[in-house]
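Trainee: Using the sequences and the hints, build the whole thing.
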Amino acid sequence: MRDFSYLRATSADAARQTAALPGAMLLAGGTTLIDLAKCGIAEPDTLVDITHLEGLDRIEIDERGAIIGALATMSHVADHADIKGRFPAISEALWQAASAQIRNMATIGGNLMQRTRCPYFRDPSNFAACNKREPGSGCSAIGGVTRGHAVLGTSEACIAMYPGDLATALVAFDATVHLGDRRILVDDFFLLPGTTPDKEHAIEPGEMITAIEIPSSAAVRRSTYLKVRDRQSYEFAAASAAVGLELEADGRTIRDLRVALGGVATKPWRARAVEDALKGKMLEPEAVRAASLLAVEGAVDHGANHYKIELAPRVVARAILKMGETA
Amino acid sequence: MTKIPVHLDINGRHHELQLEPRVTLLDALRDRLGLTGTKKGCDHGQCGACTVHVDGERVLACLMLAAQAEGRTITTIEGLAREGELHPVQAAFLEQDAFQCGYCTSGQIMSAVACIREGHAGSDEEIREYMAGNLCRCGAYPHIVAAVRQAALEAAS
Numbered sequence: 001m002r003d004f005s006y007l008r009a010t011s012a013d014a015a016r017q018t019a020a021l022p023g024a025m026l027l028a029g030g031t032t033l034i035d036l037a038k039c040g041i042a043e044p045d046t047l048v049d050i051t052h053l054e055g056l057d058r059i060e061i062d063e064r065g066a067i068i069g070a071l072a073t074m075s076h077v078a079d080h081a082d083i084k085g086r087f088p089a090i091s092e093a094l095w096q097a098a099s100a101q102i103r104n105m106a107t108i109g110g111n112l113m114q115r116t117r118c119p120y121f122r123d124p125s126n127f128a129a130c131n132k133r134e135p136g137s138g139c140s141a142i143g144g145v146t147r148g149h150a151v152l153g154t155s156e157a158c159i160a161m162y163p164g165d166l167a168t169a170l171v172a173f174d175a176t177v178h179l180g181d182r183r184i185l186v187d188d189f190f191l192l193p194g195t196t197p198d199k200e201h202a203i204e205p206g207e208m209i210t211a212i213e214i215p216s217s218a219a220v221r222r223s224t225y226l227k228v229r230d231r232q233s234y235e236f237a238a239a240s241a242a243v244g245l246e247l248e249a250d251g252r253t254i255r256d257l258r259v260a261l262g263g264v265a266t267k268p269w270r271a272r273a274v275e276d277a278l279k280g281k282m283l284e285p286e287a288v289r290a291a292s293l294l295a296v297e298g299a300v301d302h303g304a305n306h307y308k309i310e311l312a313p314r315v316v317a318r319a320i321l322k323m324g325e326t327a
Numbered sequence: 001m002t003k004i005p006v007h008l009d010i011n012g013r014h015h016e017l018q019l020e021p022r023v024t025l026l027d028a029l030r031d032r033l034g035l036t037g038t039k040k041g042c043d044h045g046q047c048g049a050c051t052v053h054v055d056g057e058r059v060l061a062c063l064m065l066a067a068q069a070e071g072r073t074i075t076t077i078e079g080l081a082r083e084g085e086l087h088p089v090q091a092a093f094l095e096q097d098a099f100q101c102g103y104c105t106s107g108q109i110m111s112a113v114a115c116i117r118e119g120h121a122g123s124d125e126e127i128r129e130y131m132a133g134n135l136c137r138c139g140a141y142p143h144i145v146a147a148v149r150q151a152a153l154e155a156a157s
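Chains as they are written, first to last, in our numbering: chain A, 1 to 327; chain B, 1 to 157.
Any given hint might turn out to be false.
Ranges of calculated distance between the beta carbons of each label pair, as one might list FRET restraints [stated by the list, open to error]:
{"id": "1", "chain 1": "B", "residue 1": "A81", "chain 2": "A", "residue 2": "K84", "range": "31 to 37 Å"}
{"id": "2", "chain 1": "B", "residue 1": "T2", "chain 2": "A", "residue 2": "G40", "range": "18 to 24 Å"}
{"id": "3", "chain 1": "A", "residue 1": "E156", "chain 2": "B", "residue 2": "L94", "range": "53 to 59 Å"}
Computed list of lysine-lysine pairs in DSBU-like fashion (alpha-carbon distance at most 35 Å, straight line) [as the list claims (entries may be wrong)]:
{"id": "4", "chain 1": "A", "residue 1": "K281", "chain 2": "A", "residue 2": "K322"}
{"id": "5", "chain 1": "A", "residue 1": "K38", "chain 2": "B", "residue 2": "K40"}
{"id": "6", "chain 1": "A", "residue 1": "K84", "chain 2": "A", "residue 2": "K322"}
{"id": "7", "chain 1": "A", "residue 1": "K84", "chain 2": "A", "residue 2": "K279"}
{"id": "8", "chain 1": "A", "residue 1": "K279", "chain 2": "A", "residue 2": "K322"}
{"id": "9", "chain 1": "A", "residue 1": "K38", "chain 2": "B", "residue 2": "K3"}
{"id": "10", "chain 1": "A", "residue 1": "K199", "chain 2": "A", "residue 2": "K38"}
{"id": "11", "chain 1": "A", "residue 1": "K199", "chain 2": "B", "residue 2": "K3"}
{"id": "12", "chain 1": "B", "residue 1": "K40", "chain 2": "A", "residue 2": "K199"}
{"id": "13", "chain 1": "A", "residue 1": "K84", "chain 2": "A", "residue 2": "K199"}
{"id": "14", "chain 1": "B", "residue 1": "K3", "chain 2": "B", "residue 2": "K40"}
{"id": "15", "chain 1": "A", "residue 1": "K281", "chain 2": "A", "residue 2": "K84"}
The set of hints was computed from the structure by calculation and includes no laboratory data.
A virtual CB, placed ideally from N, CA and C, is assigned to each residue, including glycine.
Mentor: This is the structure we're talking about:
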């Protein structure tokens with residue numbers, strides 16, 4: 001790992017301003033940044049450590065929703081009684097991610113900034129071509145081993161999968177990112193690769209994530225995060241679904257439905273076509289399975305990742321039907 | 001790069017070091033302080049061999065800069081035993097034969113102590129989930145689960 005200078009931030013404003021200088025980066029839990037520095041991908045000149053700032057780790061919940069400070073750790077949010085009770089998909093997405101040790105270190109703000117696990121991106125010494133690392137250098141994944149790559153939201157420049165779980169749950173429930181006074185939907189915070197896969201987040205130099213806000217809704221109160229993967233734990237999703245369900249008073253008609261996919265797309269993927277197809281309909285297995293196929297509309301595989309196109313709708317259907325059983 | 005002063009509080013002892021900012025807590029423990037009980041496995045946060053406690057919570061020493069740990073209370077495997085008496089989790093690992101080569105063991109034990117304290121050792125299924133960040137290439141998992149279960153039961157009684 002190349003050396004850098006280390007500064008401990010004294011205030012959020014000072015941290016933002018210092019991190020805007022060329023070569024400087026914010027350091028929170030470090031679970032992504034220190035790893036990528038060891039891989040030779042992140043090469044900061046200066047790290048601005050914000051983990052000692054007071055007050056940015058608060059979790060505030062009222063009837064309007066939850067505001068979670070950027071420095072709250074994944075483990076504290078996952079174990080928070082009101083997050084478990086009123087935003088279950090958020091807690092489930094968090095405790096099914098990474099490991100207990102990493103969840104104790106990784107912060108909510110840093111989680112949104114985590115980078116892809118594309119093995120070509122992570123290995124610059126063996127694969128020089130990566131448009132995410134070096135714009136214009138090409139994509140080593142296309143034509144390579146693609147089992148873990150995206151089938152939705154890809155471009156000719158990049159097929160790297162977005163690996164996070166939390167953000168998948170956040171986009172399902174219209175959460176927003178607070179960048180100081182600026183607010184932006186999590187769905188808009190993550191960018192499609194298009195021709196600029198190096199630009200992953202709608203955040204500018206001098207900005208810092210200060211909190212995320214999740215509005216209350218009947219759907220998020222009755223929600224789940226279903227994650228299917230190659231091993232039972234400590235693994236990224238082969239396909240996952242965040243689902244929230246609100247039924248009419250008859251207990252069978254769908255009033256509101258939220259669906260987002262993880263493990264299959266280049267960014268957290270809201271599946272509105274599934275939601276629209278089922279709203280107002282009866283919650284019945286055949287209808288749910290048919291509508292869930294809409295989750296992968298427009299999907300393009302690169303050979304070994306074809307299975308995701310079959311798997312994702314099944315995960316969506318299973319999550320919706322599971323929520324239907326929890327009356 | 002210029003070295004910076006880093007003060008670390010480890011197992012109840014205070015250490016004053018001069019370190020390059022890039023030095024991880026893991027390298028500071030092993031290479032500067034001779035505390036080699038904490039192991040370096042993958043060095044990328046994937047194996048759990050370097051698990052230590054910072055302010056009582058289990059973390060990975062390979063992904064934390066030593067400078068970040070300044071002002072925190074650090075406990076390593078060397079700090080678990082009290083006056084020559086093994087920590088109950090250490091004793092349970094011996095009794096249950098919960099290792100073969102032993103390389104992952106200090107990380108497993110540090111993780112298990114925290115897992116029990118967090119209240120995440122209520123069933124074998126929960127132990128497996130919350131110990132998933134500690135890999136064992138020898139495959140001693142059934143005995144590791146048994147050791148954690150035994151220590152959790154002892155802690156509860």
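Trainee: If a hint holds in the structure, say so; if it does not, say that too.
Mentor: Against the structure, the hints come out as follows:
At about 36 Å, the beta-carbon gap between B:A81 and A:K84 stays in the expected band of 31 to 37 Å. For the pair B:T2 and A:G40, the beta carbons lie near 22 Å from each other, so the given range of 18 to 24 Å is met. Between A:E156 and B:L94 the beta carbon distance is about 58 Å. The supplied range of 53 to 59 Å therefore holds. Distance check on the hinted pair: A:K281 and A:K322 sit about 17 Å apart at the alpha-carbon level, within 35 Å; holds.
Distance hint between A:K38 and B:K40 is fulfilled; the C-alpha atoms sit about 14 Å from each other, no more than 35 Å. For the hint linking A:K84 to A:K322, the alpha-carbon distance of about 17 Å falls within 35 Å, and the restraint holds. Restraint check: the Cα-Cα separation between A:K84 and A:K279 comes to about 26 Å, which is no more than 35 Å; the hinted pair holds. As the CA atoms of A:K279 and A:K322 are separated by approximately 17 Å, the hinted pair is consistent with the 35 Å bound.
Restraint check for A:K38 and B:K3: the C-alpha separation of about 19 Å stays at or below 35 Å, so the hint holds. For the proposed pair A:K199 and A:K38, the alpha carbon gap of about 21 Å is at most 35 Å, so the pair holds. Of the supplied pair hints, the one linking A:K199 and B:K3 holds, its CA atoms being roughly 34 Å apart against a limit of 35 Å. For the hint linking B:K40 to A:K199, the alpha-carbon distance of about 34 Å falls within 35 Å, and the restraint holds.
For the suggested pair A:K84 and A:K199, the alpha carbons sit about 33 Å apart, so the restraint of at most 35 Å is met. With a C-alpha separation of about 23 Å, the suggested pairing of B:K3 with B:K40 holds against the 35 Å cut-off. For the given pair, A:K281 sits about 28 Å from A:K84 by alpha-carbon distance, which is consistent with the 35 Å threshold.
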